[in-house]
Structures are given as structure tokens and as C-alpha cells.
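Spelled out from the first residue to the last, the chains are:
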Amino acid sequence: MKRLSMLLGLALILTVSLAACGGGGSDEGEEGESEISEVASEACTGTALTDTVKLPTGFPKPDAVTYVKQSEAGPSTVVDGRYDGSLDDAYDDYQAAVETAGYDVLFDEKEDHDAEISYKTDGSSGQIALREECGDSDKTYVHITNRPE
Amino acid sequence: MALAPGCGSGSKSEQTLVIAVNASFSKTPYVADTIANGARLAAGELQRNGVLAIGGTAYRLEVKRFDTAGSPVTAVGNVRRAVAQDAVAILDEGTGVNASWQTANDAKIPIGIVYQGGVDLVDVDKRSNVFRIAPTDHGIAFRLAEYLVPKGLKIALLHDDSGYGQEGEKALATAFSRNPEAVTARITLPSGATDLSPQLLAARRSGATAVLVWAQAPVIAKALIAARTSGWDVPFYTPPAGADPLVRQELADHPEWVDGLTFASGRLTAEQGTTPFYAFAAKYRNAFGLESVGVQTSAGAQVVQPPEYAMYAYDFVNVLAAALQSAGGADDREKVLSALHEVTIRGANGDERGFNQNSHEGVVDDDVYFARFENMTYRPVRDDPLSSTLPVISQIQPRS
Numbered sequence: 002m003k004r005l006s007m008l009l010g011l012a013l014i015l016t017v018s019l020a021a022c023g024g025g026g027s028d029e030g031e032e033g034e035s036e037i038s039e040v041a042s043e044a045c046t047g048t049a050l051t052d053t054v055k056l057p058t059g060f061p062k063p064d065a066v067t068y069v070k071q072s073e074a075g076p077s078t079v080v081d082g083r084y085d086g087s088l089d090d091a092y093d094d095y096q097a098a099v100e101t102a103g104y105d106v107l108f109d110e111k112e113d114h115d116a117e118i119s120y121k122t123d124g125s126s127g128q129i130a131l132r133e134e135c136g137d138s139d140k141t142y143v144h145i146t147n148r149p150e
Numbered sequence: 040m041a042l043a044p045g046c047g048s049g050s051k052s053e054q055t056l057v058i059a060v061n062a063s064f065s066k067t068p069y070v071a072d073t074i075a076n077g078a079r080l081a082a083g084e085l086q087r088n089g090v091l092a093i094g095g096t097a098y099r100l101e102v103k104r105f106d107t108a109g110s111p112v113t114a115v116g117n118v119r120r121a122v123a124q125d126a127v128a129i130l131d132e133g134t135g136v137n138a139s140w141q142t143a144n145d146a147k148i149p150i151g152i153v154y155q156g157g158v159d160l161v162d163v164d165k166r167s168n169v170f171r172i173a174p175t176d177h178g179i180a181f182r183l184a185e186y187l188v189p190k191g192l193k194i195a196l197l198h199d200d201s202g203y204g205q206e207g208e209k210a211l212a213t214a215f216s217r218n219p220e221a222v223t224a225r226i227t228l229p230s231g232a233t234d235l236s237p238q239l240l241a242a243r244r245s246g247a248t249a250v251l252v253w254a255q256a257p258v259i260a261k262a263l264i265a266a267r268t269s270g271w272d273v274p275f276y277t278p279p280a281g282a283d284p285l286v287r288q289e290l291a292d293h294p295e296w297v298d299g300l301t302f303a304s305g306r307l308t309a310e311q312g313t314t315p316f317y318a319f320a321a322k323y324r325n326a327f328g329l330e331s332v333g334v335q336t337s338a339g340a341q342v343v344q345p346p347e348y349a350m351y352a353y354d355f356v357n358v359l360a361a362a363l364q365s366a367g368g369a370d371d372r373e374k375v376l377s378a379l380h381e382v383t384i385r386g387a388n389g390d391e392r393g394f395n396q397n398s399h400e401g402v403v404d405d406d407v408y409f410a411r412f413e414n415m416t417y418r419p420v421r422d423d424p425l426s427s428t429l430p431v432i433s434q435i436q437p438r439s
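Protein chains in written order, with my numbering: chain A, 2 to 150; chain B, 40 to 439.
The hints are simulated quantities; they were obtained by calculation from the structure and are not laboratory data.
Don't take each hint at face value.
As the list claims (entries may be wrong) - The calculated SDA-like cross-link candidates involving lysine to any residue, where the alpha carbons are at most 25 Å apart (straight line), are: (1) LYS165(B) with ALA378(B); (2) LYS121(A) with VAL431(B); (3) LYS165(B) with GLU100(A); (4) LYS121(A) with GLU310(B); (5) LYS111(A) with PRO424(B).
As the list claims (entries may be wrong) - Stretch by stretch, here's where chain A covers chain B in the computed footprint (C-beta under 8 Å, at least three residues): (6) 204–216; (7) 394–408.
In this text, a Cβ means the ideal position worked out from N, Cα and C, and glycines have one as well.
Let's have the full structure, built from the sequences with the hints guiding it.
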């Protein structure tokens, strides 16, 4: 009986959570989700940046990467772009590029649909995030956040 | 390996390993208890038939509490006691680590910080025995700057005079150094003051359109009370301490004053969604009961606290156990310390946890998210790219 009530309790928690995640028509969640997919969509299909990218000199960049957009977020620089290839290839290429650049890898992880490499170098640290969000297995969304020290 | 005195361990084939929890059980019991409980939960799971078997040795894991009472001096004394008891690791809230790490290092005992994020507490080169699984002040401060500066807010940076507040002030100074136009004032809040009206008035007169309070929970509550009683409806932002139950308890008579309070903290869920964290939360609840916040929603539902810091303690003990396995046991402490650089485990929220030669941090800056209170519970904000992708974690006690 105790076990049954615990299971019911867990089921209720999950139900409440899923209901909250689903949101209603006016849930802010929909706005947030469309916002990020819009950025990814632009990065996956947009034209290459013509401005100088405000990442540190020598920042690791595999040949298959195209930077599409950059912005300032307070003290940090955010760069979005795409990798022409699969998530696996993007992760392998970035790992090699980060090592070649002599950056310290603080953390790296590859999961089914995304991967991250957190790095540190002289004067900055940040993360290269790779996401399967281009709707095409031969393109991978690249999102870089670089923070000055 | 020397045995823990008084633990009744006899032969080489059966030993007791003490995991010391060094935290302020008497002054900030919510944080201390949740750390100790997380460690106990992991220790209990790691032991089959009451022991953790490695090679030919059966280890009994004993989680011992050491109360710092919020005093760095007491915290250092506690570490000496833990060393004297040959602890295999010290799980630490963070207070006093600047002075205690050397004592632990001399005995080759790892310290796992699972609450405070002070930038200097962890140094992979100089403090090889200090590790952390908790958001860093660097990450919290930079993520706050990244979130707030683009909004065009004019921010008063407030911090209390505790070690937590002073470390926060340092991190904020770095994070906002490139955007001085966004800062209207930097004000110290005396922790012992009963009324912070003068400080909040100074913040208001500075022209601030937002207040960022880096302080312990009681001070955050007092700052909110001072602002709201004066009719100043300015948005409040805080580090993780803003989610401490004590803030809501102090404002239980004015729940509307909590609405809109936004805090930064480490994300509770990973790519797999809520399932791993809820599984952990259910285990925690079954072992220790629900962590009641002591307040209700407007509909009368009891609010409970997700076991956030218990998760970090739980993960650290699991990383430690993996290192013990890798080192072939606890006899060679140098080997255990070295192994901590090499092992990775699947953490309670489904994310990988581990350290390497370049980093002793278990939570990366980019895993810091923002959540906002409404009706005594919080949910991730929708105007930050990471936060907007995160699910809401239930904080309502199921009705029986």
C-alpha cells in the first residue's frame, strides 16, 4: 500500500511537471522555444559573416565551420554558425582543433543529439556547443560563448 | 591504510571509511542537512549488504557531520578532526577551505566543495586536493551579466559582509568590469543589521532599475523587505541563495513580494529531461522525507524544495567511489587523488560528472540558468536561451 501511494505520488509529480512543460496558449515557453529555434535556423541556413569575428586570435575553427551571426551579451561574445557535417564529425573535428590550438579542455561530453566542449585559454574561457538542430543530418548548429577572464 | 579510530573495524578485509561533512548544521541547516543527506544516500546505495567491496576489502562508508556554525575557524578545526579520523574525503560547504585545504592535502584527503562557488577556493594547480561540484561564482556572475546587461538595466550591486557575499562581490566586479555603464552602485549589506532600509534607499537613489543581491538567504530576505515596504517595486536578482527556503519563510506574510525574484543556479536537468532528476528526488524523498519549504501556494498547496545541493553531494560521493574502485581501494591515498582526475560517472540528473587535469570543477559556467518565483514556486525564465529550454521542476507536495 505504501509502495502504491509512493508510485501514485511520483505519477502525480510527473503529471504536474508535464502539464507545466506543455504550457497553455499563452505560456512563455512557446516564445522561448521559438526564439532559440529561430537563431538555430538562421545559423543553419544564413550567409557567412563578413565582419571580423570577435573571438580570440587563433580560436579553434574546423574548415567545415561557417560563422553566421555574432553578438555581445554583456561581457561575453556569442557566435552562432554551422558545421557542414554530422554531430559526430563536428565533435571530433572540434576536439582536434581545440587540442591543436593548445586550449585546455575543462569538460567535454557528447550525447545523442548534442555535444559540448568547455575550454580555457589565456584570457578567456567558454563553451563550444554543438546541436542537431538544423533539420539535416549533414549540418550541425554551432553555438559559441566566449567569456573574458 | 590506517583505520578510523573507534569505528570497530578490525581486519584488513573490512574497513570503515569516514566521509566527513563539514557544514553549518546549526546556522544554515537547510544547506548542511541536504549535503549530508545526499552523501548518505549515495553511501547507502554504493554498499551492498552494508559494504562497498573493492578487491578483497569490504569498506563500510560512514558519513559523519561536523558543524562549522558558520565559522571559518571552526571549519578548519573540523578538518583537523577529520584528518585525525583518517577520513577518506571531506564534503565541504566551502567556509574555511582557504585555510583548511593544506591540512587535508598533507594527509592526501580530497575536499569536495558542494555549495560555495568562490573563484579562489578551487585551483587545479595550487590546491590539487580541492574539487567542486556546484556552480562557480565566476559562472553565476558572468551569466548574470550576460542576462542583465543586454536588457539595458541599471543595476545596483549589493553584497553582504559574509565570506559568501565577499566572494560574490569579487566575481561580480570581474563580470561587470566591461560594462560599467550598467552599474549604478556597489553597496555592502551588514549581515547583522535588522533593517536594510538605508542601503536600499541608497540603491534607489543611485538610479537603479534592478537590484542584484549577492548575500546569504536572511540578508536577501531583509533586502526584499526593505525595498517592498518602501514601495520600491524594483526587480531583484540573486545567486542560488535566493532559492533558499528561508527567503520564502521570511516573506510568508507577503508572498507577493517574492513574486518576480529571479535567481541564477545550476541547471537541475540534462538532455534526458526530468526523468533522472525525478528518480533521484524520489529516492531522496523515500529516504529522508520531503523537504518542506514551510510555505504554501495561493491555492493552499504545500511547497517543497527540490534536492538540488543533495544532488551535488550525491554525485561527489559517487565520483569518489569510482576513484576508489579505480585505485584498487583506499590504501594508497595518492592514487585515489590521482584517480579523481580520471573517472567520470553519470550524475543524478543524467549529466556526466567528473574532473580532469585541467579542471576540478564539476559544473561548467554554461550550465547556469535563471529561474523566477511566482506563487512561492519557481520556473526557468523564458528570455534566456538555455533557461527557455528547461522544464519546470515540480515543487508541490502531492496530496495524500
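Cross-check of the supplied hints:
1. LYS165(B) with ALA378(B): Roughly 18 Å separates the two Cα atoms, so the pair holds.
2. LYS121(A) with VAL431(B): Since the Cα atoms of LYS121(A) and VAL431(B) sit roughly 31 Å apart, the hinted pair is violated (cutoff 25 Å).
3. LYS165(B) with GLU100(A): Since the Cα atoms of LYS165(B) and GLU100(A) sit roughly 23 Å apart, the hinted pair holds (cutoff 25 Å).
4. LYS121(A) with GLU310(B): 24 Å, holds
5. LYS111(A) with PRO424(B): Holds, at roughly 20 Å.
6. 204–216: holds (count 4)
7. 394–408: holds (count 7)
Going through the hint list in order, the structure does not satisfy hint 2, though it satisfies all others.
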